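Asker: Sequence:
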Amino acid sequence: MWRNKLQIIYPETSYDFSLLESYFVRERTPDFLLPSEIISEVDNFLFANAITREEYLEKLIPRYGMRQRLSRQQRRIIWKAREEFVDNMETNRTYTQNYGRLKLIKYLRLHPENKDIRDISYLFLDEVQDLTPVALMILRELTTRFMVMAGDVDQSLYNYQSPFIRAEIKIRGTTRVLKTNFRNTSQICQLADSFRKHCPSNGWDNYAEAFTFREGPVPELYLSETIDDMKKLLIKKLKIFIEDLGYDPENICILVPRNVEIQNMKEHLKDADYETINIKSEKFSFCDTAKVRVSTLHSSKGLDYPSIFSS
18 MWRNKLQIIY PETSYDFSLL ESYFVRERTP DFLLPSEIIS EVDNFLFANA
68 ITREEYLEKL IPRYGMRQRL SRQQRRIIWK AREEFVDNME TNRTYTQNYG
118 RLKLIKYLRL HPENKDIRDI SYLFLDEVQD LTPVALMILR ELTTRFMVMA
168 GDVDQSLYNY QSPFIRAEIK IRGTTRVLKT NFRNTSQICQ LADSFRKHCP
218 SNGWDNYAEA FTFREGPVPE LYLSETIDDM KKLLIKKLKI FIEDLGYDPE
268 NICILVPRNV EIQNMKEHLK DADYETINIK SEKFSFCDTA KVRVSTLHSS
318 KGLDYPSIFS S
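Residue numbering for the sequence shown follows the working numbering, starting at 18 and increasing by one per position.
Hints were generated in silico from the structure; no laboratory data involved. All clues given are correct.
For lysine-lysine, the following DSS-like pairs were computed, each having C-alpha atoms within a straight-line distance of at most 25 Å:
#1 Lys283 <-> Lys253
#2 Lys254 <-> Lys283
#3 Lys318 <-> Lys214
#4 Lys287 <-> Lys300
#5 Lys308 <-> Lys253
#6 Lys318 <-> Lys196
#7 Lys318 <-> Lys297
#8 Lys253 <-> Lys287
#9 Lys287 <-> Lys249
#10 Lys308 <-> Lys287
What you are looking at is a predicted structure, and each value in this text was computed from that prediction instead of being measured.
Modelling step: build the complete structure from the supplied sequences, incorporating the hints.
Answerer: Below, the structure is given as structure tokens:
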């Protein structure tokens, strides 16, 4: 839908989903960021959240979930790289998905008189937590009457602000909360609620604790002074679950923060004679057995495993 709308307004434009990687790998990137990190910063943060220059450089808007802190000077360097990338896209009239959305919302807000393009009367959205703020902005602009949205904002990782607040969609007083949690045990829900109570409001009405009828073990936290000690502890716990408690390896998933850490984890487990598979691998199948699953936090959303280890 996004591409169709943009191409109605700008007929000669196109999308290239490999553009970010080809541009930032080809062009010189800042010394303090990897190409993958500046790609995430520019597209997934700046474009996807419609971050303005003032917010980024003057107000120093938080960047939750990013790998490292940035100084004001480093932000200036990144913003300059963003502007150069935008100039390159505009010259070639070829855009990334999130920049295309940003361009579309700018047009819609500058042309409220264009009724033809606003051709949605009622919109029903599921899994709304997976939409970026700029996508929600567009849908709000294109919908002439009501939007009905279903989602779980607790599945949204690293958002510095509610996407609804960012998209200027007011939902207070219009929400209905489903309180029964069918996925998690009561022990996991209690732990999650203890963190949630300290979090700022995400734009929802007052939160009510979830009800769950499943019981399970209390989540365990292990701390160590060194990474090597933590790796040894992980292997020890795996051995207990697989060899002593009789868990099948495929029923255990190890979560890591980022993609770059998946291979390190796989090699570590291989040294301990445990076979593993990345759930995002083309070779992955839920029918595979005898292999411990490895995943990033993001990729694990929506999946169920009897036992989870998070590093």
